[in-house]
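Participant: Sequence:
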Amino acid sequence: MNYRVILLATILFTSSYSFAGFSSYESFSSNGGVVAPIMLNEQGLFNLAVSVQFIREPYEKAPYESDEYHSLISRLSVEWQGIVIQNILDIPSIEPAGLSDLKKTIESAIDKLIKETKPKYGIKDSTEVVYTVDSFYLTEVARK
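According to mature numbering (1 follows the signal peptide of the UniProt record, and there is no 0), the stretch in the sequence shown is residues -20 to -1, 1 to 124, in order.
Treat the hints loosely; a few may be bogus.
Derived DSBU-like pairs (lysine-lysine); straight-line CA-CA distance at most 35 Å [what the hints assert, rightly or not]:
hint, residue 1, residue 2
1, Lys100, Lys83
2, Lys83, Lys104
3, Lys104, Lys92
Since the hints were derived computationally from the structure, they do not count as laboratory data.
Using the sequences and the hints given, assemble the complete structure.
Facilitator: In structure tokens:
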């Protein structure tokens, strides 16, 4: 399975259409978002832009002021990007109506990541980690 992902990523990165799309959104990516190519059935290649924000201090401050919690949030703030890209690249093509299901799949994968990562930092399962997918939109690929 890993070799398929690497092969697909290599093909996409060397494709002029994919490269044009990635280079058009450098500022979005530098602000903590990711952009990945996605094929919409009958409509062609698009870029899907996604960003996620984690709240660093929820309402009750007690468990959230620890160094462990801040380290957890710092790690999650990086690792979610790989999950999003993986979920997008795993789809060869998608109907536009399927984008909402893709968003739900991404949110479920982030929830799983949170659950699996909490014990590594000594964070209780009951400790809330609040996040939002605050950008999830398509853009056309810039053509050269």
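Participant: CA of lysine 100 to CA of lysine 83, is that 35 Å or under?
Facilitator: With a Cα-Cα distance of about 26 Å, the restraint between lysine 100 and lysine 83 holds, given a limit of 35 Å.
Participant: Starting from lysine 104, check that the Cα of lysine 92 is at most 35 Å away, please.
Facilitator: holds (15 Å)
Participant: Hint check: lysine 83 vs lysine 104, CA-CA at most 35 Å. Holds or violated?
Facilitator: holds (27 Å)
Every hint from the earlier list agrees with this structure, and none is contradicted.
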